[in-house]
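Start from the sequences and build out the full structure, keeping to the hints where you can.
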Amino acid sequence: MNFSCSLRNDVYQFDSVKDVLAKASEEKSGDTMSGIGANSSLERMAAKYVLSEIHLKDIYENPVIPYDTDEITRLIYDDMSQPIYNEISSWTVGELREYILSHTTTGSDLKRLSRGLTSEMISGVAKLMSSIDLVLASQKMKHQAHCNTTIGEPGRLAFRCQPNHPIDNPSGILASMKEGLSYGSGDAVIGINPNNEAVESVREILSMSHEFIQKWGIPTQNCVLAHITTQMKALEKGSPVDLMFQSLAGTQLANEDFGVSKEILDEGYILMKAKGTSTGPNFFYFETGQGSEVSLDAHLGVDMQTLEARTYGYARHWNPFMVNNVSGFIGPETLYDGKQMIRCDLEDLFMGKLHNLPMGIAPTYTNHMNSDQNDQEIAGMLTTVAGANFYMGVPGGDDVMLSYQDTSFHDDASLREMLGLRPLRDFEKWLEEMGIMENGRLTKAAGDLSIFD
Amino acid sequence: MNIEQIVKEVIKEMEVEARSETKKRSNNKTREFVYSAEKRVTVDSPVNQDSIELAQSQTPARIGIGHSGTRMKTKNYLDFRIDHAAAQDAVMKDVSTSVLKEMKLPNLSSKASSMEEYLMNLDVGRSLDENSVEWLKENGVKGKQVQIIISDGLSSTGIEETVPDLLPALIQGLEGKGITIGVPVFIRKSRVWIQDEVARLVDCDLVVSLIGERPGLATSKSISAYLIYRPNENSVEADRTVFSNIHSGGVPPIEAGAYLSDVIEEMLNYQASGVKYSQMK
Numbered sequence: 001m002n003f004s005c006s007l008r009n010d011v012y013q014f015d016s017v018k019d020v021l022a023k024a025s026e027e028k029s030g031d032t033m034s035g036i037g038a039n040s041s042l043e044r045m046a047a048k049y050v051l052s053e054i055h056l057k058d059i060y061e062n063p064v065i066p067y068d069t070d071e072i073t074r075l076i077y078d079d080m081s082q083p084i085y086n087e088i089s090s091w092t093v094g095e096l097r098e099y100i101l102s103h104t105t106t107g108s109d110l111k112r113l114s115r116g117l118t119s120e121m122i123s124g125v126a127k128l129m130s131s132i133d134l135v136l137a138s139q140k141m142k143h144q145a146h147c148n149t150t151i152g153e154p155g156r157l158a159f160r161c162q163p164n165h166p167i168d169n170p171s172g173i174l175a176s177m178k179e180g181l182s183y184g185s186g187d188a189v190i191g192i193n194p195n196n197e198a199v200e201s202v203r204e205i206l207s208m209s210h211e212f213i214q215k216w217g218i219p220t221q222n223c224v225l226a227h228i229t230t231q232m233k234a235l236e237k238g239s240p241v242d243l244m245f246q247s248l249a250g251t252q253l254a255n256e257d258f259g260v261s262k263e264i265l266d267e268g269y270i271l272m273k274a275k276g277t278s279t280g281p282n283f284f285y286f287e288t289g290q291g292s293e294v295s296l297d298a299h300l301g302v303d304m305q306t307l308e309a310r311t312y313g314y315a316r317h318w319n320p321f322m323v324n325n326v327s328g329f330i331g332p333e334t335l336y337d338g339k340q341m342i343r344c345d346l347e348d349l350f351m352g353k354l355h356n357l358p359m360g361i362a363p364t365y366t367n368h369m370n371s372d373q374n375d376q377e378i379a380g381m382l383t384t385v386a387g388a389n390f391y392m393g394v395p396g397g398d399d400v401m402l403s404y405q406d407t408s409f410h411d412d413a414s415l416r417e418m419l420g421l422r423p424l425r426d427f428e429k430w431l432e433e434m435g436i437m438e439n440g441r442l443t444k445a446a447g448d449l450s451i452f453d
Numbered sequence: 454m455n456i457e458q459i460v461k462e463v464i465k466e467m468e469v470e471a472r473s474e475t476k477k478r479s480n481n482k483t484r485e486f487v488y489s490a491e492k493r494v495t496v497d498s499p500v501n502q503d504s505i506e507l508a509q510s511q512t513p514a515r516i517g518i519g520h521s522g523t524r525m526k527t528k529n530y531l532d533f534r535i536d537h538a539a540a541q542d543a544v545m546k547d548v549s550t551s552v553l554k555e556m557k558l559p560n561l562s563s564k565a566s567s568m569e570e571y572l573m574n575l576d577v578g579r580s581l582d583e584n585s586v587e588w589l590k591e592n593g594v595k596g597k598q599v600q601i602i603i604s605d606g607l608s609s610t611g612i613e614e615t616v617p618d619l620l621p622a623l624i625q626g627l628e629g630k631g632i633t634i635g636v637p638v639f640i641r642k643s644r645v646w647i648q649d650e651v652a653r654l655v656d657c658d659l660v661v662s663l664i665g666e667r668p669g670l671a672t673s674k675s676i677s678a679y680l681i682y683r684p685n686e687n688s689v690e691a692d693r694t695v696f697s698n699i700h701s702g703g704v705p706p707i708e709a710g711a712y713l714s715d716v717i718e719e720m721l722n723y724q725a726s727g728v729k730y731s732q733m734k
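Note that the protein sequences, when read in sequence, are chains A and B.
Residue numbering for the first sequence follows this note's numbering, beginning at 1 and increasing consecutively.
Residue numbering for the second sequence follows this note's numbering, beginning at 454 and increasing consecutively.
Fair warning: there could be bad hints in the mix.
[Claimed, not checked] Label pairs and their computed distance ranges (CB to CB):
1) 493/B - 426/A: 33 to 41 angstroms
2) 214/A - 568/B: 48 to 56 angstroms
3) 440/A - 538/B: 34 to 42 angstroms
4) 426/A - 686/B: 48 to 56 angstroms
5) 708/B - 433/A: 42 to 50 angstroms
[As the list claims (entries may be wrong)] Restricting the straight-line Cα-Cα distance to at most 30 angstroms, the calculated cross-link-like pairs of lysine-lysine (DSS-like) are:
6) 729/B - 233/A
7) 273/A - 729/B
8) 554/B - 564/B
9) 526/B - 339/A
10) 237/A - 734/B
11) 262/A - 215/A
12) 595/B - 729/B
13) 444/A - 528/B
14) 482/B - 528/B
15) 429/A - 444/A
Please keep in mind that the hints were generated in silico from the structure rather than gathered at the bench.
Glycine included, every Cβ here is placed at the ideal spot set by N, Cα and C.
Rendered as structure tokens:
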């Protein structure tokens with residue numbers, strides 16, 4: 001399907017829906033490097049105009065990666081609701097935007113709509129939305145999930161305590177874990193990225209975190225973010241796993257690079273139901289982010305934002321407890337600066353929510369990109385206003401194992417207090433019992449890890 | 454007086470004051486400030502100061518720093534910003550040629566012609582420039598079991614500080630096991646995947662890249678080792694095994710060299726790397 005658009009004094013040509021989607025994206029260095037982004041500002045606007053006028057049916061009939069060659073495309077199409085799609089297939093993408101933003105469209109309307117949309121449609125509509133559009137639309141959608149605790153209730157904001165250590169020193173991990181909890185961070189999960197992927201080492205961290213949670217009666221879940229097959233091995237050997245982690249991407253090719261497939265995820269899910277230590281029914285913690293397919297040279301000519309949407313279309317099959325977006329983790333070759341990172345965070349939160357996912361955001365930057373703490377804090381505030389379910393919590397914002405910056409325990413507490421948000425219900429009670437929180441604010445005793453002596 | 458006059462008067466007065474300020478300052482001695490980054494407990498009236506000190510000694514993470522409201526204290530905030538500034542500057546530095554000479558490493562290059570190009574275009578860092586291909590064809594020792602590559606990656610400091618200890622330990626470990634090694638090479642502005650091209654050119658069984666990691670705030674001298682067994686067109690990322698955080702504050706370089714040689718021996722036996730290797734173990 002070809003498209004042509006006369007705009008001002010020029011005619012712009014697009015050779016496919018995929019091409020329109022790519023050129024309609026806001027500028028990002030990863031799309032530029034792949035040679036698929038718009039070549040000028042007006043070409044970008046021509047693509048946006050074409051996109052606003054084409055019908056959802058056009059997108060449905062032209063998936064960016066064919067059904068036959070990609071299991072992500074297959075899962076997205078097989079899982080969607082045909083009757084709901086039929087109701088809306090004649091809408092233009094522009095009309096979809098207006099429906100989403102209309103005063104009369106509620107969160108539960110969007111929950112239903114979501115089941116009739118492919119990920120490419122969701123990506124497309126986000127390309128027609130500005131920052132405020134994305135925030136307002138995101139505010140309408142709040143999705144809950146349950147592992148040991150319930151995440152996503154209105155008025156509540158959760159955090160992953162991320163106590164990583166460069167060489168997995170258990171007492172070092174424990175020290176950061178105590179620090180995080182003393183700031184009220186850790187109700188989403190206590191999740192450790194292991195430096196050593198060996199099963200025995202992963203098992204040690206799983207046991208250590210589980211025992212600490214038991215000892216102090218903390219209403220949360222543990223997770224060690226090793227490769228899913230390593231976690232499955234640990235689980236089979238009897239290790240306590242509350243939440244199972246995996247990174248996902250938006251093409252089958254990239255997921256093969258990650259060593260993950262539908263088959264493996266299905267196996268992991270079944271194993272969690274049978275042997276996991278948590279209540280469920282939501283057992284997965286997925287991480288995603290714009291640009292991973294570009295880094296792996298597995299983007300297949302599709303823009304980063306659309307691939308991110310497809311990742312959500314794939315992820316929702318397993319009803320995860322958390323989906324965390326880490327756009328900004330890779331570097332300037334995918335997101336050049338703070339502006340591009342902030343835009344991604346807003347797009348991804350919206351797109352994840354429109355996939356009915358319990359979304360969280362990790363506004364991050366690495367030291368080789370043109371971004372700093374100020375950009376990160378802006379992204380954190382905007383996505384909190386937009387109603388993210390959770391953020392990460394890193395000591396002083398500096399992850400000493402992964403070498404990047406993420407939201408700090410201090411930022412976590414600040415984002416809650418700034419907007420009057422509370423920790424997850426049971427966790428808040430625990431914080432009050434520990435004397436860390438009172439009436440939704442940190443007490444003077446907060447921030448002192450020696451309360452766990 | 455009308456408003457305009459008042460404003461003029463005020464500005465005039467301010468100018469006079471500003472001049473006298475400057476004069477006063479220039480008459481004074483320079484005030485000197487020396488920044489120091491020592492780690493200390495800045496929690497207000499903690500339950501147990503000693504246990505926070507102990508915790509701080511167990512991790513380089515920024516813990517035991519206290520807070521003002523929900524925010525960081527001023528000095529801790531500035532520590533963080535200073536470390537970030539240093540890390541940003543470190544990315545742009547090149548590896549010193551004297552270090553390469555000391556380690557007797559041939560100095561090859563990727564196709565990246567500038568730091569900007571290297572950062573923004575992954576492909577150029579993933580293949581060798583023509584001269585380097587020629588050099589390897591002529592001087593690379595072919596058909597050995599292991600080929601070692603040193604890549605600057607995103608941390609020249611990592612190469613300068615960590616490789617001089619790591620490389621001899623790795624070579625010694627491998628030689629002790631009777632494993633044959635080609636000529637180790639340094640490749641400027643290179644990324645991990647360049648190892649596939651090198652492996653093909655020298656026809657080795659296993660290639661290991663020691664590559665500078667992107668600098669963190671806690672350290673800018675960390676490097677990673679990426680290993681792959683017989684890479685080919687069908688290789689995927691999950692076929693690579695990675696060991697990260699090799700530096701004096703993480704996995705000590707000498708220890709890492711010994712450990713890597715054990716792993717390499719196993720991979721050669723299993724004829725596999727990455728997830729395949731982990732599952733066979």
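Taking the hints in turn, this is what the structure says about them:
1. A C-beta distance of roughly 35 angstroms is found between residue 493/B and residue 426/A, which places it inside the suggested range of 33 to 41 angstroms.
2. One distance hint, 48 to 56 angstroms for the beta-carbon pair residue 214/A and residue 568/B, holds here, with the actual separation near 50 angstroms.
3. At about 35 angstroms, the CB distance of residue 440/A to residue 538/B agrees with the hint of 34 to 42 angstroms.
4. At roughly 52 angstroms, the beta carbons of residue 426/A and residue 686/B sit within the given window of 48 to 56 angstroms.
5. Checking the proposed 42 to 50 angstroms range against residue 708/B and residue 433/A shows it holds: the Cβ atoms sit about 43 angstroms from each other.
6. This hinted pair checks out: residue 729/B and residue 233/A have alpha carbons roughly 14 angstroms apart, not beyond 30 angstroms.
7. For the hint pairing residue 273/A with residue 729/B, the CA-to-CA distance comes to about 26 angstroms; that is within 30 angstroms, so the pair holds.
8. Taking the CA atoms of residue 554/B and residue 564/B, the gap is near 22 angstroms; set against the 30 angstroms cutoff, the hint holds.
9. As the CA atoms of residue 526/B and residue 339/A are separated by approximately 27 angstroms, the hinted pair is consistent with the 30 angstroms bound.
10. Distance hint between residue 237/A and residue 734/B is fulfilled; the C-alpha atoms sit about 15 angstroms from each other, no more than 30 angstroms.
11. Restraint check: the Cα-Cα separation between residue 262/A and residue 215/A comes to about 36 angstroms, which exceeds 30 angstroms; the hinted pair is violated.
12. Note on residue 595/B and residue 729/B: the hinted pairing holds, with a Cα-Cα distance of about 26 angstroms set against a maximum of 30 angstroms.
13. Annotation: proposed proximity of residue 444/A to residue 528/B holds, straight-line Cα distance about 20 angstroms (limit 30 angstroms).
14. Distance check on the hinted pair: residue 482/B and residue 528/B sit about 25 angstroms apart at the alpha-carbon level, within 30 angstroms; holds.
15. For the hint pairing residue 429/A with residue 444/A, the CA-to-CA distance comes to about 17 angstroms; that is within 30 angstroms, so the pair holds.
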